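Colleague: Here the structure of chain A is known, so what remains is to put chain B in place on it, guided by the hints.
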Amino acid sequence: MRATASVGWILLLIGLPLIVILSLGIFAASEEGWHISLIFAAIVYGIHFSRNDRQHLISIGYEPRLVFLAEYLCLALLLGGINFLLVGNYLNLLVMLAIGLLGGISPQANLNQVKDKLFFPVNWIPYQCFEWRAGLRKNGWLVIMLLIPGLFFAHRSPAVTLVAIILINFISTSWYKDFETYELFIRYRQESLVLREKIGWQLVLSFLFMLPLAIFFLINFLSLWYILLVVIIFSFAINVFSICYKYAGYHPSRKRTESDLAVGIFSLCMFVPFFAPITLVYLTIYFFRAKKNIRIQYAEC
Amino acid sequence: MLNVENIKAGYGDLEILKGVSFKARPGTIHGILGVNGSGKTTLFRTLHGWLPKRNGSLSLNETPLSPKQMSFMQTKPYCYPYIKGKEYLELLRIENKDYKIDAWNEIFNLPLDRLAEDYSTGMTKKLALLGLLAQDRPVIILDEPFSGVDVASNEKFQEIFQRLKKDGKIMLLSSHLLQTLTHICDEISLLSDGIIQKTFQKDEFPSLESLIKSQIKSKLDAQLNELFVEK
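In order, the protein sequence lines correspond to chains A and B.
The numbering used here numbers the first residue of the first sequence as 1 and each following residue consecutively.
The numbering used here numbers the first residue of the second sequence as 1 and each following residue consecutively.
If you're looking for bench data, these hints aren't it; they were derived computationally from the structure.
Take these hints with a grain of salt, some might be off.
[As the list claims (entries may be wrong)] For lysine-lysine, the following DSS-like pairs were computed, each having C-alpha atoms within a straight-line distance of at most 30 Å:
1. B:Lys166 to A:Lys255
2. A:Lys255 to B:Lys76
3. B:Lys8 to B:Lys18
4. B:Lys86 to B:Lys100
[Unchecked claim] Across the chosen pairs, the derived CB separations fall in these ranges:
5. A:Arg54 to B:Arg163: 45 to 51 Å
6. B:Lys76 to A:Leu280: 36 to 42 Å
7. B:Pro138 to A:Asn123: 29 to 35 Å
Model, not experiment: these values are computed from the prediction.
Where a beta carbon is used, it is the ideal one built from N, C-alpha and C, also for glycine.
Okay, chain A solo, but in the shape it has when bound:
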């Protein structure tokens, strides 16, 4: 509640339903072929391999696989069904249903056991970007799953690459919900270096991941360069907000931000033309809040 209140109820009450309607409409009305479904697959499998509610479902007497199957099929029916109704494209519906079916019945890997083996190569990332190192270990495979369709099907539709860029940035912002220890937090010589270094590295690394997608996009759809530019700028803004949001609420006795919902709402609202300027105001507010909180945490005892 506090998290949503802090990013503004207006964004939540008006922005979110608008975004959902717009996103669903754009997604469902797409006349593109089955490659759009790959993005859907990335979302479904991303959810499937990250969810931690299996034990909870068992404890309340539900068979997890049935619940997962029902959820993924509903999602496939909703998006694929609207797509079918609007443009008569049954291919997307069938592919999405197949993806949902496969997602539901495929076993959930025990990430605690296999995460050591699934490591994304991160040794090239500087130690100070530990959020990226940790995040790529956690969600690296998901990033790859977005990069592959984003690159291989870039020539088919501009939406594929743009959606991949946006989703990769959404994922990277989620890496800023865990607080580091106070020892790690105060390791900088000066408090002013905290935000400067964090934001700087975040922009560099997120740009590196966006770069191949951006190049493929420009090769195929050079005339749409301005859309790519807007997406990159918005992605940077979302990244900066996630860092500011984290450090605005940083406290050594807590392990996580109040909620990652705030960053989610902010991110989604960035893509609604009417709300984009408002979110930039929030970004400014949170930047100064973060600066103030860092100054307090670095202050003399």
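Modeller: Frame of chain A, contents of chain B only:
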């Protein structure tokens, strides 16, 4: 000299520290003794800046104390999710490049290429100690450093603390076990009712032990007598 002067702190309306004052000299291990809930961890958190103090002052060599002059090992140390032991130490030695991670790790043989969150309680504590050494700060705060640590590592911890002491560090250490404190500390402050009741020097430790034992025994005797009569 670390000077803790009339520190008051707490959570919400609850004031746990009601004016804690003590001094700790460089090259000494200063123990903080108190029953569960007496405020040892609150005191350490306040000293390290985790918890804002409501009153009082903290100074090191007559200048205000900064969190960057202290290292703090918590009772249950925490690193960061999905981070490897080596990465944690690399981050902490950022201002102390002379610190040799592998050489220090030979003492504990931690699997530094594994995720820190997969470490056992004892291993996490050893990693926290290595991190603390990597920072090389003048004031070291250790909250229950021996809990969850095996016998061999316990000995190693004690030896390292003695070396740090010889190195001129100011060390504050808490423990529930009186014997542990009397064995390792140079002075012990008794924290009770939110204040330091008395600071005992090494030659006064026998009197501290008898005081604690007599206090416990007299109270326990009275309670047991009452309960056994009722029975």
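Colleague: Now tell me if each hint is right for this structure.
Modeller: So, going through the hints one by one against the coordinates:
no. : hint                             : result
1   : B:Lys166 to A:Lys255             : violated (35 Å)
2   : A:Lys255 to B:Lys76              : holds (13 Å)
3   : B:Lys8 to B:Lys18                : holds (5 Å)
4   : B:Lys86 to B:Lys100              : holds (11 Å)
5   : A:Arg54 to B:Arg163: 45 to 51 Å  : holds (48 Å)
6   : B:Lys76 to A:Leu280: 36 to 42 Å  : holds (41 Å)
7   : B:Pro138 to A:Asn123: 29 to 35 Å : holds (34 Å)
Violated hint: 1 only; the structure is consistent with all others.
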